[in-house]
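A.B. asks: First residue of the sequence shown? That's 271 in my numbering, and the numbers climb one at a time after it.
Careful: at least some of the hints might be erroneous.
[Claimed, not checked] Subject to a maximum C-alpha distance of 30 Å in a straight line, what follows is the list of computed BS3-like cross-link-like pairs (lysine-lysine):
hint: 1; residue 1: 368; residue 2: 460
hint: 2; residue 1: 450; residue 2: 636
hint: 3; residue 1: 577; residue 2: 505
hint: 4; residue 1: 460; residue 2: 636
hint: 5; residue 1: 277; residue 2: 368
hint: 6; residue 1: 594; residue 2: 636
hint: 7; residue 1: 497; residue 2: 330
hint: 8; residue 1: 636; residue 2: 471
hint: 9; residue 1: 322; residue 2: 548
hint: 10; residue 1: 471; residue 2: 460
If you're looking for bench data, these hints aren't it; they were derived computationally from the structure.
Here the structure is a predicted model, which means the values were calculated and not measured.
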Amino acid sequence: MFNFRNKRYFGLDLGESAIKLIEVKKTRDGFRLARGRLVELNLDPLFDDAEKRNAVVREKLKELLAKEGITSGVVAISIPSQSVFTRFLRVPKIAKGKIEQIIQYEAQLQVPFPINEVIWSYGVFETYDSPETDVILVAVKKDIVEEKLNILRDMPLEVDFVEVSYFSIFNAIDFVGDIKDKLILDIGAKNTNIIIVEEHKIWTRSILIGGNDLTKAIASQLKISFKEAEAIKRKEGIIASDEQERSRSPHAAEISDAINPVLVEMIADISKSIGYYKSQFGETKVIKEVLLTGGSSRIKNIDRFIKENLDIPTKSFNIFEKIKSDVDFSLSESFLGRMDAAIGLALKTVTPLYTKTNLLPREILKAKGFEKKRWYIFGSLFVGILILASLTNFVIWRDKHKTANLIKASALIERYASFNKAIEALQGEVSGLKSRLEFIENVTERRKEGITVLVEITKLIPDNLWLTEITEEGSVVTVKGKTEGTFENINTFKDMLIKSGYFKEVTVESANVLKDKEGIEDVRVFTIKIVMPSAKPGKEE
Numbered sequence: 271m272f273n274f275r276n277k278r279y280f281g282l283d284l285g286e287s288a289i290k291l292i293e294v295k296k297t298r299d300g301f302r303l304a305r306g307r308l309v310e311l312n313l314d315p316l317f318d319d320a321e322k323r324n325a326v327v328r329e330k331l332k333e334l335l336a337k338e339g340i341t342s343g344v345v346a347i348s349i350p351s352q353s354v355f356t357r358f359l360r361v362p363k364i365a366k367g368k369i370e371q372i373i374q375y376e377a378q379l380q381v382p383f384p385i386n387e388v389i390w391s392y393g394v395f396e397t398y399d400s401p402e403t404d405v406i407l408v409a410v411k412k413d414i415v416e417e418k419l420n421i422l423r424d425m426p427l428e429v430d431f432v433e434v435s436y437f438s439i440f441n442a443i444d445f446v447g448d449i450k451d452k453l454i455l456d457i458g459a460k461n462t463n464i465i466i467v468e469e470h471k472i473w474t475r476s477i478l479i480g481g482n483d484l485t486k487a488i489a490s491q492l493k494i495s496f497k498e499a500e501a502i503k504r505k506e507g508i509i510a511s512d513e514q515e516r517s518r519s520p521h522a523a524e525i526s527d528a529i530n531p532v533l534v535e536m537i538a539d540i541s542k543s544i545g546y547y548k549s550q551f552g553e554t555k556v557i558k559e560v561l562l563t564g565g566s567s568r569i570k571n572i573d574r575f576i577k578e579n580l581d582i583p584t585k586s587f588n589i590f591e592k593i594k595s596d597v598d599f600s601l602s603e604s605f606l607g608r609m610d611a612a613i614g615l616a617l618k619t620v621t622p623l624y625t626k627t628n629l630l631p632r633e634i635l636k637a638k639g640f641e642k643k644r645w646y647i648f649g650s651l652f653v654g655i656l657i658l659a660s661l662t663n664f665v666i667w668r669d670k671h672k673t674a675n676l677i678k679a680s681a682l683i684e685r686y687a688s689f690n691k692a693i694e695a696l697q698g699e700v701s702g703l704k705s706r707l708e709f710i711e712n713v714t715e716r717r718k719e720g721i722t723v724l725v726e727i728t729k730l731i732p733d734n735l736w737l738t739e740i741t742e743e744g745s746v747v748t749v750k751g752k753t754e755g756t757f758e759n760i761n762t763f764k765d766m767l768i769k770s771g772y773f774k775e776v777t778v779e780s781a782n783v784l785k786d787k788e789g790i791e792d793v794r795v796f797t798i799k800i801v802m803p804s805a806k807p808g809k810e811e
């Protein structure tokens, strides 16, 4: 009647260049890899559109499942990171039930699409020594998820999770080792995922430079097709640093010359991302090591190139050296570098992982939740019926009159219980509404105060001075700007802020001269720190 045995668990990464499938099985001593398959799509991104790509993916996936004899199973699939909106938030430490209310409110404010057109989820990163909780909000348009789900329509795999690709890679690497204070670079076909890992949280960004850009550069240099260039990149790809390496293969020198400018641009974007991360979370943050993954991470000497340019120890990461397996995965380097996301997805189907997000449509999640509970409900009802039948026979045997009274009493108790539950439910709704109103009132007041501060500062700006950035942290407002005048203009602006009577304390934190390319003084940049009063002017403390 129930088929609980022999359930199978899969991770399916439908990438830009290939289908990657991993099967994981539970064992007494943990989890093991039972199967790993990679099917190249052989598509040209310059000419093949999304409709053709989806048709090819669906056809090749059907063939793969049939060839492997896969007739049922649970699967997790991924969404490309460039399709996902990501925002990092900090919220007060409150009950978990209320966190979702705050995140939903923030999603409505920050997601750049109508909220009813997206699927959103979030992950919480707990820090015990902080009064705030770090949260990552992810959102994706519904049609993107539906497009992925349609590829698996009528196939024998049941989708339980839809995960962002960079979370899948992080989960796979985190599962097999300590990755605290490390930077993961996933160089995929279409983009590169940057994942910075701290002790209690992760920070991510996606840059639109990937393996396809390297292939296009090789194709242009050698005047060959994209498919030919891709094959040469995988076979002979190298970053040469001397004449011996440049003569390593027939195309080594030309390949190195072609891909070097692309990698320089990639390094520049990675450096900017690291700088932004440190500016947001602390200049003292230390990245101890860079881990490389993704298909193009296997280009020869790319680890050396990144190490020299970022000045951080760098190595290619091989997850197959660290995870138990029933299969010999000693395949090509290209295969090894491209399976991390699929492994992370497969693990998500069998064990709780660090990130808890799931971008499966909510109506499907609710249906699955009921499906999981259904057999427990049926079992409980069946046991209840047996108990009731036994008790009824026993009571009838003892005394029919007592049975009648017992039934009446049971009916009264059930009726009271139903009323009591309804009252408790209404009380809970009233309490929830009060909490929401209080939260909205607090948020509105804070936004109103912020706008007032901005208006007050703007009114006092001299004509030859402009602001570039205003940030607020508690009662301290930091104002950054530029002026074409002298440093006296900056002091004049500071004095005007003080004389306004609106601010408690105004200090010039820094003032420097910017010079143009010829060394001529151009403008002066400055930073002013403003301390807000504890109460508005005109009101008692």
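A.B. asks: State for each hint whether it applies.
C.D. replies: Okay, the hints, checked on the actual structure:
A distance of roughly 38 Å separates the Cα atoms of residue 368 and residue 460; the hinted pair therefore is violated under the 30 Å criterion. In summary, the hint linking residue 450 to residue 636 is not supported, as the alpha carbons are separated by about 35 Å, beyond the 30 Å threshold. Distance hint between residue 577 and residue 505 is fulfilled; the C-alpha atoms sit about 23 Å from each other, no more than 30 Å. Our distance criterion of 30 Å between C-alpha atoms is broken by residue 460 and residue 636, whose separation comes to about 33 Å.
Restraint check for residue 277 and residue 368: the C-alpha separation of about 36 Å exceeds 30 Å, so the hint is violated. Distance restraint check for residue 594 and residue 636: the Cα-Cα separation of roughly 34 Å exceeds the 30 Å cut-off, and the hinted pair is therefore not satisfied. Of the supplied pair hints, the one linking residue 497 and residue 330 holds, its CA atoms being roughly 18 Å apart against a limit of 30 Å. Simply put, residue 636 and residue 471 have alpha-carbon atoms about 28 Å apart, close enough for the 30 Å limit, and the pair holds.
The suggested pairing of residue 322 with residue 548 is violated, with an alpha-carbon distance near 42 Å, which exceeds 30 Å. Only pairs whose Cα atoms come within 30 Å are accepted, and residue 471 paired with residue 460 is accepted, the gap being roughly 26 Å.
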